[in-house]
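Novice: Residues per chain are reported as follows:
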Amino acid sequence: MYAALLKHEARLQARPLLSFLGIALAVFAGGLAAMLLRVPLLAEFGNVAAIIVCLLLAVGVPAHLLHRYYTSMYGREGYLTHVIPAKHTALYAAKFTWAAGVWAASLLLTLALAYGIAVAQTITAGGTASDTWAALATALANANQTALALGIAWIAVGLLTYVAQFGWVVTFGMEDRFRSLGLGGPVVVWFVSYLVMQVVTFAAMVLIPVGVTPDFSELVFASFLGELPKAFANEDPSFIPLGWLPVILVALPVYVIWTLHSLKKHTSLR
Amino acid sequence: MDFDPGQPIWLQLVREFTRRIGTGDWPAGHRVPSVRNLAAELGVNPNTVQRALAELERTRLAVAERTAGRFVTTDTALIAEAQLGSAQAAADAYVARARGLRLDQDAALALVARRWHVGSPTDPSTTTQENR
Amino acid sequence: MSTAPALEIRNLGRRYGPIAALDGLDLTLDAGRIVALFGENGSGKTTLLKIVAGLLSEYTGEALIHGHAPGPESKAMVSFLPDQSFLPDTVSARTAVSMFGDFFADFDAARAFALIAELGIDAHRTLKTLSKGQREKVQLALAMSRRARIYLLDEPISGVDPAAREVILRTILTQYDPGALVVISTHLIADIEAVADAAVFLRAGRVLFAGDADDLRARHGMSLDRLFRTTYQNPVRS
Chain A
1000 MYAALLKHEA RLQARPLLSF LGIALAVFAG GLAAMLLRVP LLAEFGNVAA
1050 IIVCLLLAVG VPAHLLHRYY TSMYGREGYL THVIPAKHTA LYAAKFTWAA
1100 GVWAASLLLT LALAYGIAVA QTITAGGTAS DTWAALATAL ANANQTALAL
1150 GIAWIAVGLL TYVAQFGWVV TFGMEDRFRS LGLGGPVVVW FVSYLVMQVV
1200 TFAAMVLIPV GVTPDFSELV FASFLGELPK AFANEDPSFI PLGWLPVILV
1250 ALPVYVIWTL HSLKKHTSLR
Chain B
-4 MDFDPGQPIW LQLVREFTRR IGTGDWPAGH RVPSVRNLAA ELGVNPNTVQ
46 RALAELERTR LAVAERTAGR FVTTDTALIA EAQLGSAQAA ADAYVARARG
96 LRLDQDAALA LVARRWHVGS PTDPSTTTQE NR
Chain C
3 MSTAPALEIR NLGRRYGPIA ALDGLDLTLD AGRIVALFGE NGSGKTTLLK
53 IVAGLLSEYT GEALIHGHAP GPESKAMVSF LPDQSFLPDT VSARTAVSMF
103 GDFFADFDAA RAFALIAELG IDAHRTLKTL SKGQREKVQL ALAMSRRARI
153 YLLDEPISGV DPAAREVILR TILTQYDPGA LVVISTHLIA DIEAVADAAV
203 FLRAGRVLFA GDADDLRARH GMSLDRLFRT TYQNPVRS
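Protein chains in written order, with this note's numbering: chain A, 1000 to 1269; chain B, -4 to 127; chain C, 3 to 240.
No lab work stands behind these hints: they were computed from the structure.
Each statement offered as a hint is correct.
16 Å max Cα-Cα, derived EDC-like pairs, lysine to aspartate or glutamate:
1. C:K134 <-> C:E157
2. A:K1086 <-> C:D104
3. A:K1264 <-> C:E60
4. C:K134 <-> C:D85
5. A:K1263 <-> C:E75
6. A:K1264 <-> C:E64
7. C:K130 <-> A:E1076
8. A:K1263 <-> C:E60
9. C:K134 <-> C:D163
10. C:K134 <-> C:D91
11. A:K1006 <-> C:D104
12. A:K1086 <-> C:E75
Given only the sequences and the hints, what does the whole structure look like? Please build it.
Specialist: Right, here's the structure in full:
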């Protein structure tokens, strides 16, 4: 049933996503062409247009995915989704896979497009395409490898956490207890959970005595509490706190399990 | 056919099926249409059709054969009775009206004889006219 | 096969805030019947169907579908036609048939195409180009093309013209499996007098009375429609 559900997502969303992508790429290509051909006035405009396409891709795709989750689960299409003889775990797995996959693909595409803009800018400034590649390679080589690996892992975990978080926000926010709020349910749930997460993350960062030296060479087991005055005074603290990391790592399974529970026990179509 | 929803529909079906057997619409010895087909034709619940057909079996107008289905009786006396039975209500109504109009029996019968050829006997509307 | 009734509902309750949509409803329905579910607006008809279909997880009491609480097992047996347009606007009837084939093991695609054609709908047109009545017919064709053990039809005839109503009722009569249970909720009682063989009258979230349609007619000496009108003119007994 998981495969059928995934196929269903693809069947319904392939066309709108591809047409959105087609328009975005056409605008992007036009913008880049204007830059490379050094068309007076239009070249600047093309640069801006290409950057806007990147931003729209980064924001538009997750917005679309969030909207589709809501309409297919709790809009009128939910009347089909929830009579399908699938386990709630299969339903959730299909939704999750689709959202995470499409979003990851759109982020990779955004990166590629950003690289394209960088190439075009280098060429416009009198360089060659290989200059951009060389600059990127140097930057990557000079970067702290631990920090780089950590950063990529953080982005990957962060993406999954965001998918789980927004799934939870909609699922929990559409429970019966928030019925009187209507669509405000998910909004309120998102806002309150955002505040809670800020407080919890800050508390964990301060209270869990784990950190790393600025050059990522060794772990520091000390409370960040003593470093706070420096941080507020805009000076560099002597180590980077990592207490927030467990919060992120715990948040992901909490969101997933809570959403599954909500789906099984509290689904209430309106 | 139109039903009077104020009366049990299965009884109306029994009357209708009896009429069909009496008039030979369902010929003697032939298979009675299936429940499903009758339900679709009449726009009626299959269980209601089933109940009416069971009543036909009880009155022996139809005979169920275990595997082959359900057949109209071959008993011509029963069929003739069904035919008369179907007309009886109309006859009763006519007699009542004729009495109300102070006709005597001879005059009433003469009127029937005079009107007999008005309208084709094969015209299906004559059956409904009887009920007026 | 289990000996449990097709639908067994015990002390079913469901509240919307202070309002009880279902208030201790008890009802047992056997397979092989077409049951008319009557009641004024707010009497709990739709809520009852939604719980049995598995769209409302929050309720008190019990609803058993051939012995199963609402869940994947029951959903495989229940074909629900909601009074909602549940298909995406962007698909055609042909795609919708393919979707149903993917999701429901008991779905008969050939039957669905035959029904859609019989109802006069072009299967290639996207649903957003169809009228409301045409969309309802597509949904009915899909729901009736499952070889389900229970069909729940919520107001299947309210939004369409009388000619289409005739076709739809005939479809219900001819397409369902004689061993299945069909529950039709409607306020257009006169239209389904002859189609239903049992009736359930709901009031304020409970069963007011239920029984064989012809027995009710014989006992009260009136049509179900009249019975409904007379019953619901009286104020609610408290």
